[in-house]
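Each protein sequence line maps, in turn, to chains Z and G. Using the working numbering, the first residue of the first sequence is number 1466, and each one after it goes up by one. Using the working numbering, the first residue of the second sequence is number 1469, and each one after it goes up by one.
Honestly, the hints are just simulated from the structure, not real lab data. Since this is a predicted model, take the numbers as computed values, not measurements. Positions of the beta carbon are idealized from the N, C-alpha and C atoms, including for glycine. A few of these clues could be false.
Said to hold, decoys possible - On the chain G side, residues computed to face chain Z include the following (Cβ under 7 Å): (1) ARG1481; (2) ARG1486; (3) GLN1491; (4) VAL1493; (5) ARG1497; (6) MET1499; (7) ALA1501; (8) GLY1503; (9) PRO1507; (10) GLY1508; (11) PRO1512; (12) ASN1524.
As the list claims (entries may be wrong) - Examples of chain Z residues lying across from chain G (beta carbon under 8 Å, computed): (13) ALA1578; (14) SER1586; (15) LEU1597; (16) PHE1675; (17) ARG1700; (18) SER1701.
Claimed, not checked - In silico DMTMM-like links for lysine to aspartate or glutamate, alpha-carbon gap of 20 Å or less: (19) Z/LYS1496 with Z/GLU1537; (20) Z/LYS1683 with Z/GLU1703; (21) G/LYS1530 with G/GLU1575; (22) Z/LYS1498 with Z/GLU1537; (23) Z/LYS1497 with Z/GLU1670; (24) G/LYS1530 with Z/ASP1694; (25) G/LYS1530 with Z/GLU1658; (26) G/LYS1530 with Z/ASP1693; (27) G/LYS1530 with Z/GLU1489; (28) Z/LYS1683 with Z/GLU1537; (29) G/LYS1530 with G/GLU1595; (30) Z/LYS1496 with Z/GLU1508; (31) G/LYS1530 with Z/GLU1506; (32) G/LYS1502 with G/GLU1490; (33) Z/LYS1683 with Z/GLU1508.
What follows is the residue order along each chain.
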Amino acid sequence: MGNIGNVENRAASAGKAPAISCREVGMTLKKKKVLANVTFEVEAGSLTGLLGPNGAGKSTLMRILTGLVPPETGRADLFGAPAGPERLGVLSFLPDRGQLPPYLTAGEWLQFAASLYPDWSKTAERDLAEELGVDRAQRIGAMSRGEEARLQLLTCLSRQAPLIVLDEPFTGVDLVSRERIASAVVGEMADGERTFLIATHDIREMEQLFDRIVLVGKGTIQGSYLVDDLRRSGRSVESCYREVFA
Amino acid sequence: MPPIRTWTTDDFRLDPSRPLYEQFVEQMRAMIAKGELEPGTRLPSVREAAASLRVNPTTIMKTYQELERLSLIVTHRGQGTFVTQAETAIHASRRLLARTAVAQLQETAASIGLTLEQLLALAHEEE
Chain Z
1466 MGNIGNVENR AASAGKAPAI SCREVGMTLK KKKVLANVTF EVEAGSLTGL LGPNGAGKST
1526 LMRILTGLVP PETGRADLFG APAGPERLGV LSFLPDRGQL PPYLTAGEWL QFAASLYPDW
1586 SKTAERDLAE ELGVDRAQRI GAMSRGEEAR LQLLTCLSRQ APLIVLDEPF TGVDLVSRER
1646 IASAVVGEMA DGERTFLIAT HDIREMEQLF DRIVLVGKGT IQGSYLVDDL RRSGRSVESC
1706 YREVFA
Chain G
1469 MPPIRTWTTD DFRLDPSRPL YEQFVEQMRA MIAKGELEPG TRLPSVREAA ASLRVNPTTI
1529 MKTYQELERL SLIVTHRGQG TFVTQAETAI HASRRLLART AVAQLQETAA SIGLTLEQLL
1589 ALAHEEE
């Protein structure tokens, strides 16, 4: 099976350029400093949680990583090269609000998305549609928040991009959908070849998934921890979050 | 041969402030010692276990590695991971479970100023 041998693959990928590397990233919007001196790394093959309260600067950081805006100061690299529109091929992004066309059915949308993305995998789409319980006949406009979130994740994961960035994948999503989303995410990263960055303030749903947590508050990094190290010192993700933000 | 075992989140009790793989190792070791996981049972793949338990795949890999190191599970290339059929390994895990239980009992006894034997005698005393 080579199940256990995968640990070596993972160790080998640790020698590569980090999936994300931010060095002293700063950003001012409307004369307000929203990010200052943001420095952190996300190891390739890991699942990192970007945690922080609303207004901490997470969304601005996501906009920089996804190439929507360049950082004002410092640099943000994906796999060793600067983030930007030309790097969209290495990154698959799930935005925090539903923006899928409501007049299409899930099946019509997926067909469109498959034609849009050069790295779309029909096999991944088929397997994930089953895992996530997506009904192809359903019209997007008639979906619950949870159903739409699952379709969005399906869209995001059917691409073969090595870096997946999810912005608040659980907000307003029902329990069963949250569980299916979490299961699909861990299933996808099992071969150690995909890297996930998940921005969230729903810690309880996700804390068993993270390898590392990066805490963002007041526009800068308040801490970065390997979750196993935290637990070895008797702390949980939640207690660490409280210490930093409460 | 016993069928493949699949997990649900209800099979384990996890404390979020201790390393998760340590807890999986302890709890699976106990399941093997008690026979809840029969010798020869096929375990789910890392991917399947991580997805059904909703934990990081690395956690499951570390768990399986540690159980393999303890000779409680074996991986057959191309076939999967199985609970050992070796009596000695299972016996060793039962012995470890017994020792842990006795050590806890000894601690309880010491906390009320008794030896283990005195604690047992006191517990068996008639009202």
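Tested hints:
{"no.": "1", "hint": "ARG1481", "in the structure": "violated, 13 Å"}
{"no.": "2", "hint": "ARG1486", "in the structure": "holds, 5 Å"}
{"no.": "3", "hint": "GLN1491", "in the structure": "violated, 10 Å"}
{"no.": "4", "hint": "VAL1493", "in the structure": "violated, 14 Å"}
{"no.": "5", "hint": "ARG1497", "in the structure": "violated, 17 Å"}
{"no.": "6", "hint": "MET1499", "in the structure": "violated, 19 Å"}
{"no.": "7", "hint": "ALA1501", "in the structure": "violated, 22 Å"}
{"no.": "8", "hint": "GLY1503", "in the structure": "violated, 24 Å"}
{"no.": "9", "hint": "PRO1507", "in the structure": "violated, 19 Å"}
{"no.": "10", "hint": "GLY1508", "in the structure": "violated, 16 Å"}
{"no.": "11", "hint": "PRO1512", "in the structure": "violated, 9 Å"}
{"no.": "12", "hint": "ASN1524", "in the structure": "holds, 5 Å"}
{"no.": "13", "hint": "ALA1578", "in the structure": "violated, 23 Å"}
{"no.": "14", "hint": "SER1586", "in the structure": "violated, 16 Å"}
{"no.": "15", "hint": "LEU1597", "in the structure": "violated, 11 Å"}
{"no.": "16", "hint": "PHE1675", "in the structure": "holds, 7 Å"}
{"no.": "17", "hint": "ARG1700", "in the structure": "holds, 6 Å"}
{"no.": "18", "hint": "SER1701", "in the structure": "holds, 4 Å"}
{"no.": "19", "hint": "Z/LYS1496 with Z/GLU1537", "in the structure": "holds, 12 Å"}
{"no.": "20", "hint": "Z/LYS1683 with Z/GLU1703", "in the structure": "holds, 19 Å"}
{"no.": "21", "hint": "G/LYS1530 with G/GLU1575", "in the structure": "violated, 30 Å"}
{"no.": "22", "hint": "Z/LYS1498 with Z/GLU1537", "in the structure": "holds, 10 Å"}
{"no.": "23", "hint": "Z/LYS1497 with Z/GLU1670", "in the structure": "violated, 32 Å"}
{"no.": "24", "hint": "G/LYS1530 with Z/ASP1694", "in the structure": "holds, 15 Å"}
{"no.": "25", "hint": "G/LYS1530 with Z/GLU1658", "in the structure": "holds, 17 Å"}
{"no.": "26", "hint": "G/LYS1530 with Z/ASP1693", "in the structure": "holds, 12 Å"}
{"no.": "27", "hint": "G/LYS1530 with Z/GLU1489", "in the structure": "violated, 34 Å"}
{"no.": "28", "hint": "Z/LYS1683 with Z/GLU1537", "in the structure": "holds, 17 Å"}
{"no.": "29", "hint": "G/LYS1530 with G/GLU1595", "in the structure": "violated, 49 Å"}
{"no.": "30", "hint": "Z/LYS1496 with Z/GLU1508", "in the structure": "violated, 33 Å"}
{"no.": "31", "hint": "G/LYS1530 with Z/GLU1506", "in the structure": "violated, 23 Å"}
{"no.": "32", "hint": "G/LYS1502 with G/GLU1490", "in the structure": "holds, 18 Å"}
{"no.": "33", "hint": "Z/LYS1683 with Z/GLU1508", "in the structure": "violated, 24 Å"}
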